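Trainee: Protein chains in written order, with this note's numbering: chain G, 215 to 326; chain B, 215 to 326; chain H, 215 to 326; chain X, 215 to 326.
Hints in this document: simulated from the structure, not taken from any laboratory.
Please read all numbers here as calculations on a predicted model, not as lab measurements.
One or more hints might be untrue.
Copies of the same chain are indistinguishable here, so a pair counts whether it falls within one copy or spans any two.
[Unchecked claim] Straight-line Cα separation of at most 20 Å, DMTMM-like style, residue types lysine to aspartate or glutamate; simulated pairs:
(1) Lys-249 x Asp-308
(2) Lys-295 x Asp-310
(3) Lys-241 x Asp-263
(4) Lys-249 x Glu-265
(5) Lys-295 x Asp-240
(6) Lys-295 x Asp-318
(7) Lys-249 x Glu-315
(8) Lys-241 x Glu-264
(9) Lys-280 x Glu-252
(10) Lys-314 x Asp-300
(11) Lys-295 x Asp-270
(12) Lys-241 x Glu-265
(13) Lys-249 x Glu-264
(14) Lys-241 x Asp-291
(15) Lys-249 x Asp-310
(16) Lys-295 x Glu-283
(17) Lys-241 x Glu-283
(18) Lys-295 x Glu-265
(19) Lys-241 x Asp-270
(20) Lys-295 x Glu-315
(21) Lys-314 x Asp-270
Protein chains: 4
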Amino acid sequence: MTDTGSPAALDARGEGDEHAHGYITDKANYLARLKRIEGQARGVHRMVDEEQYCIDILTQVSALTKALESVALGLLDDHLKHCVVDAARMGGPDADAKVKEASDAIARLVRS
Amino acid sequence: MTDTGSPAALDARGEGDEHAHGYITDKANYLARLKRIEGQARGVHRMVDEEQYCIDILTQVSALTKALESVALGLLDDHLKHCVVDAARMGGPDADAKVKEASDAIARLVRS
Amino acid sequence: MTDTGSPAALDARGEGDEHAHGYITDKANYLARLKRIEGQARGVHRMVDEEQYCIDILTQVSALTKALESVALGLLDDHLKHCVVDAARMGGPDADAKVKEASDAIARLVRS
Amino acid sequence: MTDTGSPAALDARGEGDEHAHGYITDKANYLARLKRIEGQARGVHRMVDEEQYCIDILTQVSALTKALESVALGLLDDHLKHCVVDAARMGGPDADAKVKEASDAIARLVRS
Chain G
215 MTDTGSPAAL DARGEGDEHA HGYITDKANY LARLKRIEGQ ARGVHRMVDE
265 EQYCIDILTQ VSALTKALES VALGLLDDHL KHCVVDAARM GGPDADAKVK
315 EASDAIARLV RS
Chain B
215 MTDTGSPAAL DARGEGDEHA HGYITDKANY LARLKRIEGQ ARGVHRMVDE
265 EQYCIDILTQ VSALTKALES VALGLLDDHL KHCVVDAARM GGPDADAKVK
315 EASDAIARLV RS
Chain H
215 MTDTGSPAAL DARGEGDEHA HGYITDKANY LARLKRIEGQ ARGVHRMVDE
265 EQYCIDILTQ VSALTKALES VALGLLDDHL KHCVVDAARM GGPDADAKVK
315 EASDAIARLV RS
Chain X
215 MTDTGSPAAL DARGEGDEHA HGYITDKANY LARLKRIEGQ ARGVHRMVDE
265 EQYCIDILTQ VSALTKALES VALGLLDDHL KHCVVDAARM GGPDADAKVK
315 EASDAIARLV RS
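Take the sequences, apply the hints, and build the full model.
Mentor: Encoded structure:
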């Protein structure tokens, strides 16, 4: 599932970017959600521009924040499942570094 | 500043929308921040599309969430300052309704 | 309801503290919830002392955080309803100071 | 430091619980912080009982929430470092279950 470096995987993704990390489980799903998030951000901009009712704008901002949070939790889960677990399986000090990185990212999420 | 019903205020806004709420203290500032937020959302979409490193994507999502939160807190402050205080000054049951609405919006923000 | 300075109000509260703010709508309810929160904190301490399973401890910490959040949102609602609305009704610059204070408290809650 | 299975460690803990998980890196530090958190919870209870100023109570609640959050992030880091990495090293399906559990705990923290 994480073997995205094989030609088949690249074909399935329709691209050949050698720098891709390839750990994202369902990329099309994330891209669709992020497109929606972009649209929501544009919607909030329009609501402020039209000076719509503040509480309605805040409701949209909360929905947008929740949608972002949900994307972040999904990406983090993918990261733990692939990068952290893979590093642990390889052994060596890299697993510690990966866990440290993940913990720092979690702290930023919890505090944001 | 909240007297957006006067012709001068309408001219300053360059629009004549009679339903505008006009409580936003520094609209140009909010619009600029929301444009940046839209750009950040587009950036996260691109990072996922290019399969950049998950932790870097999460860092951007946290920054975006913080920026949104800050806009929300500003709008809420404007709302308390204008709508809630104005309703309280007018007397009558409307102040209670405005406080209820504000408290509900705060709860959504705190929980999102 | 906010006239806690009258003898009747003091009798009703069963105390004569002149510095009490008396804006808390249902004090007995808050005290009961905070007693439970103290018990939850003691429970988390015991779980760590007994080295119970980390995920179970985290579940308790999340429940405790949610309970605290809910108390904070209730107190904030009381504050807006009483202190902010009362200050607005009295007129003068005090309402601005109260709103500023409330907005700062909301920001701390949203960011914590 | 995590060798809590040795007789000395058990003596230091004054207990011999065979079910202890022993993954907590610096237990004494967590216990001290949780004692402080209990004291903070008791302090908030007293502030409400004495009807102290709402904003001051909210400031204490935010400090308490932050202290709890920090304990939770530490426990989570310990959990990733030990339980998740160990399960990954052992191989087999247990690592997936541990990651799922950790991701669920992270989601509860982010949303609380």
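Trainee: At most 20 Å between CA atoms: does that hold for Lys-249 and Glu-265 within a copy, between copies, both, or neither?
Mentor: Result: close only across copies, 16 Å inter versus 24 Å intra.
Trainee: Give the relationship of Lys-295 and Glu-283 under a CA distance limit of 20 Å: within one copy only, between copies only, both, or neither.
Mentor: within (18 Å within a copy, 24 Å between copies)
Trainee: Could you figure out if Lys-295 and Asp-240 sit no more than 20 Å apart (CA to CA) within one copy, between two copies, both or neither?
Mentor: Answer is within; shortest intra-copy Cα gap is 13 Å, inter-copy 26 Å.
Trainee: Given a CA cutoff of 20 Å, do Lys-241 and Glu-283 count as a within-copy pair, a between-copy pair, both, or neither?
Mentor: The answer is within: 17 Å in one copy meets 20 Å, while 27 Å across copies does not.
Trainee: My question is about Lys-295 and Asp-318: at a cut-off of 20 Å on alpha-carbon distance, are they close within one copy, between copies, both, or neither?
Mentor: both (17 Å within a copy, 13 Å between copies)
Trainee: Please work out whether the CA atoms of Lys-295 and Glu-265 approach to 20 Å or closer within one copy, between two copies, in both situations, or in neither?
Mentor: For Lys-295 and Glu-265, only the inter-copy Cα distance (16 Å) is at most 20 Å; the intra-copy one is 44 Å.
Trainee: Between copies, within a copy, both or neither: which fits Lys-280 and Glu-252 at Cα up to 20 Å?
Mentor: both (13 Å within a copy, 16 Å between copies)
Trainee: Treating 20 Å as the Cα threshold, decide for Lys-249 and Glu-264: within, between, both or neither.
Mentor: between (23 Å within a copy, 15 Å between copies)
Trainee: As a check of your reading, is Lys-295 near Asp-310 (CA-CA no more than 20 Å) within one copy, between copies, both or neither?
Mentor: both (15 Å within a copy, 7 Å between copies)
Trainee: Are the CA atoms of Lys-241 and Asp-270 at most 20 Å apart within a copy, between copies, both, or neither?
Mentor: For Lys-241 and Asp-270, the Cα distance is within 20 Å only across copies (16 Å; inside one copy 31 Å).
Trainee: Which holds for Lys-295 with Glu-315 at a C-alpha limit of 20 Å: within a copy, between copies, both or neither?
Mentor: So Lys-295 and Glu-315 pass the 20 Å test inside a copy (14 Å) and across (11 Å) alike.
Trainee: Go through the copies and call it for Lys-241 and Asp-263: within, between, both or neither, with a Cα cutoff of 20 Å.
Mentor: Between copies only: 7 Å across, 33 Å inside.
In summary, the structure is inconsistent with hints 1, 7, 15 from the numbered list given earlier, while agreeing with the others.
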